[in-house]
Amino acid sequence: MNTTESFAELPVTPKPPLRRFHQARWDEPIIFELSAPGRRGIAVPEPGAPRVELPDSVSRAQPPKLPEMSQLHVLRHYLRLSQENLGADLNIDVGQGTCTMKYSPKVNDRFAAAIAELHPLQHEDTVQGVLEIYWRLERMLGEISGMARVSLQPGSGSAAIYANIAMIRAYHAARGEARRDQVITTMFSHPSNAACAKTAGYEVITLMPDADGLPDIEALRAAVGPRTAALMITNPEDTGIFNPRIREFVDLVHEAGGLACYDQANANGILGITRARDAGFDLCHFNLHKTFSTPHACGGPAAGACGVSEDLAPFLPGPVVAFDGESYHLETPPASIGKVRPFLGVTPNIVRAYAWIMALGAEGLRQVAETAVLNNNYLMHKILQIPGASAPWDRRRVEQVRYSWQELSEQTGVHSEEIGVRAADFGVHYWTSHHPYVVPEPFTLEPTESYSKEDLDEYALILAHVAEEARRDPEFVKGAPYNQTVHKIDMTPLDDPKEWAPTWRAYVRKHLS
Amino acid sequence: MTHPYIPNAEPGVRAQMLAAIGASSVEDFYADIPAELRLARPLDLPAPLTAEHDLVRHMKGLLDRVTDTEQALSFLGHGCYPHHVPAVCDEVNARSEFLTAYAGEPYEDHGRFQALFEYVSMMGELLEMDVVNVPTYDGFQSAGTALRMACRYTERSKILLSAAVSSDKMSKLRDFLAPDIEIVLAPVGEGGEITVEAFDASYAAIYLETPNVYGVVETRGRELADLAHTHGALLVVGADPISLGVLAPPASYGADIACGDIQSLGMHQSYGGGHAGYIATQDHEPLVAEFPSRLFGIAPTKVPGEYGFGDVYYDRTSFAHREEGKEWVGTAAALWGITAGVYLALMGPQGMRDLGETILARTRYAMDALAASVTVLHRDAIHFREFAIEVPSSAALLDGLREHGIYGGVALDDRTVLVCVTERHSIADIDLLAAAVQETL
Numbered sequence: 001m002n003t004t005e006s007f008a009e010l011p012v013t014p015k016p017p018l019r020r021f022h023q024a025r026w027d028e029p030i031i032f033e034l035s036a037p038g039r040r041g042i043a044v045p046e047p048g049a050p051r052v053e054l055p056d057s058v059s060r061a062q063p064p065k066l067p068e069m070s071q072l073h074v075l076r077h078y079l080r081l082s083q084e085n086l087g088a089d090l091n092i093d094v095g096q097g098t099c100t101m102k103y104s105p106k107v108n109d110r111f112a113a114a115i116a117e118l119h120p121l122q123h124e125d126t127v128q129g130v131l132e133i134y135w136r137l138e139r140m141l142g143e144i145s146g147m148a149r150v151s152l153q154p155g156s157g158s159a160a161i162y163a164n165i166a167m168i169r170a171y172h173a174a175r176g177e178a179r180r181d182q183v184i185t186t187m188f189s190h191p192s193n194a195a196c197a198k199t200a201g202y203e204v205i206t207l208m209p210d211a212d213g214l215p216d217i218e219a220l221r222a223a224v225g226p227r228t229a230a231l232m233i234t235n236p237e238d239t240g241i242f243n244p245r246i247r248e249f250v251d252l253v254h255e256a257g258g259l260a261c262y263d264q265a266n267a268n269g270i271l272g273i274t275r276a277r278d279a280g281f282d283l284c285h286f287n288l289h290k291t292f293s294t295p296h297a298c299g300g301p302a303a304g305a306c307g308v309s310e311d312l313a314p315f316l317p318g319p320v321v322a323f324d325g326e327s328y329h330l331e332t333p334p335a336s337i338g339k340v341r342p343f344l345g346v347t348p349n350i351v352r353a354y355a356w357i358m359a360l361g362a363e364g365l366r367q368v369a370e371t372a373v374l375n376n377n378y379l380m381h382k383i384l385q386i387p388g389a390s391a392p393w394d395r396r397r398v399e400q401v402r403y404s405w406q407e408l409s410e411q412t413g414v415h416s417e418e419i420g421v422r423a424a425d426f427g428v429h430y431w432t433s434h435h436p437y438v439v440p441e442p443f444t445l446e447p448t449e450s451y452s453k454e455d456l457d458e459y460a461l462i463l464a465h466v467a468e469e470a471r472r473d474p475e476f477v478k479g480a481p482y483n484q485t486v487h488k489i490d491m492t493p494l495d496d497p498k499e500w501a502p503t504w505r506a507y508v509r510k511h512l513s
Numbered sequence: 514m515t516h517p518y519i520p521n522a523e524p525g526v527r528a529q530m531l532a533a534i535g536a537s538s539v540e541d542f543y544a545d546i547p548a549e550l551r552l553a554r555p556l557d558l559p560a561p562l563t564a565e566h567d568l569v570r571h572m573k574g575l576l577d578r579v580t581d582t583e584q585a586l587s588f589l590g591h592g593c594y595p596h597h598v599p600a601v602c603d604e605v606n607a608r609s610e611f612l613t614a615y616a617g618e619p620y621e622d623h624g625r626f627q628a629l630f631e632y633v634s635m636m637g638e639l640l641e642m643d644v645v646n647v648p649t650y651d652g653f654q655s656a657g658t659a660l661r662m663a664c665r666y667t668e669r670s671k672i673l674l675s676a677a678v679s680s681d682k683m684s685k686l687r688d689f690l691a692p693d694i695e696i697v698l699a700p701v702g703e704g705g706e707i708t709v710e711a712f713d714a715s716y717a718a719i720y721l722e723t724p725n726v727y728g729v730v731e732t733r734g735r736e737l738a739d740l741a742h743t744h745g746a747l748l749v750v751g752a753d754p755i756s757l758g759v760l761a762p763p764a765s766y767g768a769d770i771a772c773g774d775i776q777s778l779g780m781h782q783s784y785g786g787g788h789a790g791y792i793a794t795q796d797h798e799p800l801v802a803e804f805p806s807r808l809f810g811i812a813p814t815k816v817p818g819e820y821g822f823g824d825v826y827y828d829r830t831s832f833a834h835r836e837e838g839k840e841w842v843g844t845a846a847a848l849w850g851i852t853a854g855v856y857l858a859l860m861g862p863q864g865m866r867d868l869g870e871t872i873l874a875r876t877r878y879a880m881d882a883l884a885a886s887v888t889v890l891h892r893d894a895i896h897f898r899e900f901a902i903e904v905p906s907s908a909a910l911l912d913g914l915r916e917h918g919i920y921g922g923v924a925l926d927d928r929t930v931l932v933c934v935t936e937r938h939s940i941a942d943i944d945l946l947a948a949a950v951q952e953t954l
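Residue numbers (my numbering), protein chains in the order written: chain P, 1 to 513; chain V, 514 to 954.
Any given hint might turn out to be false.
What the hints assert, rightly or not - Mimicking BS3-like on lysine-lysine, the simulated pairs with C-alpha atoms at most 27 angstroms apart in a straight line are:
no.	chain 1	residue 1	chain 2	residue 2
1	V	LYS573	P	LYS498
2	P	LYS65	P	LYS498
3	P	LYS15	P	LYS382
4	P	LYS382	P	LYS453
5	P	LYS106	V	LYS573
6	V	LYS815	P	LYS488
7	P	LYS488	P	LYS478
8	P	LYS510	P	LYS65
9	V	LYS573	P	LYS510
10	P	LYS15	P	LYS453
11	V	LYS815	P	LYS478
12	P	LYS453	P	LYS106
13	P	LYS498	P	LYS488
14	P	LYS382	P	LYS478
15	P	LYS510	P	LYS488
Treat the hints as calculated values from the structure; they're not laboratory data.
Generate coordinates for the entire structure from the input sequences, incorporating the hints supplied.
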């Protein structure tokens, strides 16, 4: 028997056209099932001072039923859960259109960690370096948007949308125009534009797309008037279409006495190309976790930035950072809407976003925009070659596209959501879109600048493969996933008050006792 | 040159892709942007630091110009707390798979759903409540939303709000509740607890915090719950979860909604960047219907015994119904929920109890130590982690202490300073503060 067989001569299966993928599956119990009495994961310092006796009215009667675990076993549990999870660092993360996921440089995480032990109420003299980062980033985002002043306080994009609507409300109130009680938005702007305006007390008017896929300007003409507080609009909208008449929209609203507020969540394709203020907008916001690369972290901590014109600057949430030529200080704008978040915002992400822009500069940001747009149009070219896929409205796209599987769905009975679940079997994420589905059987892809041509080819190949599977064996696609941590979930109990279990204790009470 | 973050900026690839599309240049794709809206010059930004080394040097130059709370002895709290962060918390939240995940379905992000379900479940045990949301931005937002939930639920628009709330949080609440909710303040009594002078059926809720802004533990929760309930109103309690190993959970004395911030549960101070908010209720459908946030629940899969996860009652949200949903939902602070789950699992019931007892004891020790030289306010009340002192000049005291390398506390006004003591402050640290205060005055 030959015991020195060379590896090169071993039989190797030919490489399959699609990546062989299987998500980790640890059959990991719910953490409470790992508990054993008397164990602990960490010890805390002894008091070193006399105990305080509490009266019954404030003393906890029963210890909380938290798990009791040693440290290794806590770590192991969470590392297993981390493996059962598909982060942007692991997959071709182009499938969450409307929320640009791009590469978050690892070095920026180190900068964020460097401020871990700073307290937000330290004296200004002891935090000059961080205040300088705020000051510089506020000005960079001012230059990128054309706006006069910027606040980095909001905790996310939606929180920045809310801060903007709060400033709009304060601005009109200060001018004695509180009767302006309507906000106009568009169907393809993020739901938070409508929802934040409603929360702030406004009636919401939503413009639907016209035959060209643009927000209907005639509908806008009909909607604006003395009750108009503001237009809140995304451009390019979540369809990926840039509205070439945006200036007319802004002018119409201004003529009626309203303000124009630009949701720049989709700014990635227009960095250095066009600016909110140059189109006449009074306010805008950015999502630092999207356009400026801070990690998405399972849904936050995010960070947002509000940019405003000189007229709105007095209303900014405070404090903002001022520089007197020697040192940096905090100051609160004179008519500030106040605090929208504790302290100065999500500082680790402010630091990351600053470092990202510093790594790229003006030329780099333009490369980001142009590459994101090139990647998007390249991917669209590939996707539209897949039989059954389409993109409504034959128009140019900027950084993303809302596609439709309507034809494929009519022919096979397979829905967009099911195609997404099956695509996950190949190790990629894919998203349909926000409700309501104005585009039938939608899916929304946004490649950003982070992904290579090979990545885009692979992603398109996966979707083509799944579409072909849907034609050949629709039931198979509907039965997905097959390569994931768990199998198809029965979602019906999640909508039934008698069955739903939003915590383990609810589950135990309803289903195990 | 191709930037390290942008693979397809390489000219050869770019040309290949353009050719595949049949476009002559990227400009073709921008044809919808009118010339008058085009920026005709490069952005005015600093020159790029493309080499990672250069970026590191630049950032180090900035970040070295701070003196943090490990370099100084800090007694700063007032909403952001210096609790010990176990190394395992940092290990888990720095994992790429959690740090860079986003919106994966319950299948591809099973781990995220399970970790967040476990977080809300552990919070549920701590709070003795069945429904806890996936974190909202921070404790300010959770209080604002909890109060809006109470108003929607009771169909009333007036709140009795404890005046023992930080001025920053008050600022947020005033803005957030402004359009349609009237705020009436419940004054702080001499003992440091809130006092309710009048209450009737026009109110939607009583809101109190415990420990409150002065670190005082409110002792009349049951009485206030009964008062609220008698008039068809709710009791909403803001509680720091780190106190609940020793303090009674709000539900146990009748709170209908609990809310607060989880920064204390395993998040660093990060200059105020480590915040996330929780909201909790019992499993009462009409109240659950008022949550704007995502709720993750457990559900069966087609394989018996396997746990799946998904969104509970998604139809409540603005994702589903835009302005017809409840408030709004978007990216908030989910990773800190996972981290807080790690923290609670490490601590367990005994750890939470030990921690609470240490903080109670050291807070009392610090109050007694400072009482020798300054007036300690609300001395007879139970304090958890913070207490207020009265001094001739807040600024003079804090400036003087800073010369000793001590961040002595937060000035609440010209004469009142809030001092924070956690398990990180040894008895020797507290003695050092007391000596420095005496010397400074």
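Here is how each hint holds up against the structure:
1. LYS573(V) / LYS498(P): Distance of about 55 angstroms is beyond 27 angstroms: violated.
2. LYS65(P) / LYS498(P): holds, 23 angstroms
3. LYS15(P) / LYS382(P): With a Cα-Cα distance of about 22 angstroms, the restraint between LYS15(P) and LYS382(P) holds, given a limit of 27 angstroms.
4. LYS382(P) / LYS453(P): holds, 11 angstroms
5. LYS106(P) / LYS573(V): holds, 15 angstroms
6. LYS815(V) / LYS488(P): holds, 6 angstroms
7. LYS488(P) / LYS478(P): Distance ~9 angstroms between LYS488(P) and LYS478(P) Cα, so the pair holds.
8. LYS510(P) / LYS65(P): holds, 17 angstroms
9. LYS573(V) / LYS510(P): Between LYS573(V) and LYS510(P) the Cα gap is close to 54 angstroms, so the pair fails against 27 angstroms, i.e. violated.
10. LYS15(P) / LYS453(P): Measuring from Cα to Cα gives roughly 20 angstroms; hence the hint holds.
11. LYS815(V) / LYS478(P): Status holds; Cα separation ~13 angstroms.
12. LYS453(P) / LYS106(P): The given pair, whose Cα atoms are some 22 angstroms apart, holds under the 27 angstroms limit.
13. LYS498(P) / LYS488(P): It holds: about 22 angstroms lies between the C-alpha atoms, which stays within 27 angstroms.
14. LYS382(P) / LYS478(P): Between LYS382(P) and LYS478(P) the Cα gap is close to 24 angstroms, so the pair holds against 27 angstroms.
15. LYS510(P) / LYS488(P): Holds - the C-alpha atoms of LYS488(P) and LYS510(P) are around 22 angstroms apart, at most 27 angstroms.
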